[in-house]
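*Asks:* Quick mapping for you: the protein sequence lines, in order, are chains G and R. The first sequence begins at 1 in the numbering used here and counts up one residue at a time. The second sequence begins at 128 in the numbering used here and counts up one residue at a time.
Warning: the hint list may mix true and false statements.
Said to hold, decoys possible - BS3-like, lysine-lysine: derived pairs with alpha carbons at most 25 Å apart:
1) G/K74 <-> G/K98
2) R/K770 <-> R/K637
3) R/K770 <-> G/K98
4) R/K637 <-> R/K663
5) R/K770 <-> R/K569
6) R/K569 <-> G/K99
Don't read these hints as lab results, they were simulated from the structure. A quick note: this is a predicted structure, and the numbers were derived from the prediction, not measured.
Single-letter residue listing:
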Amino acid sequence: MAEGKRILLVEDNEEIRWLVRETLAASTLPLVVREAANGHEALQILGEFSPHVLILDVMLPDGVDGYSLCQYVKSRPALFPSVFVMLLTARGQRSDQKKGRMMGADLYLVKPFSPAELLMLVDDHFS
Amino acid sequence: MATTQSFSTDNLADNAPVLSALNLLEAISVIQSRFIESAPQSALFAEILNKLMALTESQYGFLCDIRHSPVGEVYFKMQVVSDSAWKSMARDFYERQAPIGMEFDRMRQMFGTACGEGQVVINNSLSIQHLPEGHPPLNCFLGLPIFNGGELQGMVGLANGKQGYSSEMAEFLQPLLAIGGSIIKAWRVDSWRRDVEEDLRRHAMVFENISDAVILTDEQGIVLDCNRAAEKMFDLPRKKLVGVPLGFLIATSDVDSVAAALVTIAGQGRWSGRFSTLLGDEPHVYESTALRLHGGADEEGLLAWFNRDVSERERARTRLEERSLELNAILDLSPAGYVFIDVSDRVAYVNPAFEQMTGLGMSRTIGMCSATLDLALSDLCAPDLAMAPVVTEEEDTLQLIRPQFVILRRIRRCLMDASGVSRGQVLCFQDITRETEVDRLKSEFLSTAAHELRTPMASVFGFSELLLNRQVDADKQRQFIGIIHRQAGRLAAIINELLDLARIDAMEGKDFNIAEHDLAPIILHVLDELLMPGDKRKVSLMLPSGLPLVRVDPEKLHLALTNVLSNAYKYSFGQGAIELTVFHGEGSRVGQLGVMVRDYGIGMTPGQLLHVFERFWRADSSGKVAGTGLGLSLVKEIMGIFKGTVEVESTPGAGTRVTLWLPVATS
């Protein structure tokens, strides 16, 4: 498994993936970032790559959304010990946040978000 | 204390009888003169008693008359009691008892059988056991009946005469008693006359003022007299009514006839039925009863007719019937469900709408108590949604899943009559499924719209922050600015299309300038203005000549066509032709023009096709294809206002056909 802090980003919007990638590139930590454009890809990657931080878009195409991915990793502590899940979403309603917490998410970040804040949250988590 | 000279005056002892006779004569003349000058009754009685006491040297005395109660009982009415040496308690007794009269039996106990038989009673050795408490002791008693014309009128009682009493004394006093008798008699006759007059006056007043019209006739029905209400009944004064046959006054057409009534009375002595009269233009209906008041077989009888005006009651009854007919019609037709619960908390009525909503009809619910009805209703609800929280005491919401899904607002109203007494309650059930659904859709739309705005905003916000805070090389800078620009444009497009949709929703086409237009120039104008950067394809147009006019707003049709065409470009990625064909509808589409736009792009699956008109739904969600997901929603709304339709057919990988169907102008 790759050295450094492992991060998996699941986001169907290519531009946002780019934005997150650019944001994390400025980190002082040795980060290994993998990307998935949908839930199915994410599940495949999760089979071989146990991330420390999972950044999840909530609304994903093709049936597997961010909530179910979150629940998937949080319900398998043996496979994904102490995984930190950040939900990154355009759904800003209180009920959505509540659902995220129920699924075990550690953080709920609403779009539009500040890249600097995202970077700080990731760095803080690892320090 | 008596002041008149008495029998025992010593110096005139020898002349005592003469003196007494003189005293008696004097007393008689005084009383007669007082009677002539019409002294009050009570004063005359007091005078007589005083004279009698003086002449007999009695210590106590009373005078009463005999009366008959309305039920025929005989009693004494105490008229005057001597005030000599009576202890206050005894006086109290008489004063309390006297006004209401004392029973003859008690008087007999006290004074012996004196007046019962009209005999003089003399007792000079009294031993009376049952004197009222506080009554002074009595040692001798003289009871004198007062007669007039052989009729017992009253009595005088004297007690404790200085020398006792004798029959001679009683004999001697007779002339004075006779005067008393004639006074009582005269007074009694007078008061009878007054009573009769009073009775007559009262009866006349009742007769005049009673609201029933009372008519007196002879046995042939000729009016003899009538009261004021009867004058009103015929709108004629009494003098014009008297002597007229009742049959002339009462219309015989629609109700009972007087002639028939007279026959019945002749046979049975009484009759009841209905009469009607016409007052002005208004018919009045009377409930009438007639009685024969007297008159035997050989005697002329008197008939009394009592007529009660029931027109108002009849009209009220008719109004009530009409009202309940109206109410029934309203309840039958009302889309709201109604349940009436009576005073004893039982279902008395449910209307058809309630049965339609809940499947609970009259036969199942009548007589059910309200709690059972509540249970029956919650049985129809989803288990976890049985009862939504009560909004107010009068209002709550039910979500039924049987017999069909329906959301009901239940409103309770207690019925109170004017005095605040409960008369049961009404439950009203309104079907608010649609409202609730519309509310849900609205809030869903709002949250989707916010979501759609947030995504491009994330790019604009994020990349601009990177540009601000970081050293970025020139190449990347350009790319970032390109993203920011594109996403800002997308935000603007979403906002514009949202506003277009909102305007159509709000105005429902009132701001459309719909008129008859030739389709060709509109289509040519759209193609001329269509701008698809980076795409060199031209639309291949099939536009027949001589097309009929259509009723559209050219500007809005322009917008709709542009949206359809730009979808065709965007989802074919530069590949294949874009075709626009105008053609006449056939079959069920006769009378419509079809404007079909066809591409040979990625197409859609049948599943995707289901969502094609949903707001913000997009065939490609990756963000690679520019767009808002509002274009086809807008097309559909616009076509709806043109009274046209949109048809979308698609095959994945083979392309999509969108047809706008426009009704041909009929005029």
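*Asks:* Which hint numbers doesn't this structure obey?
*Replies:* 3, 4
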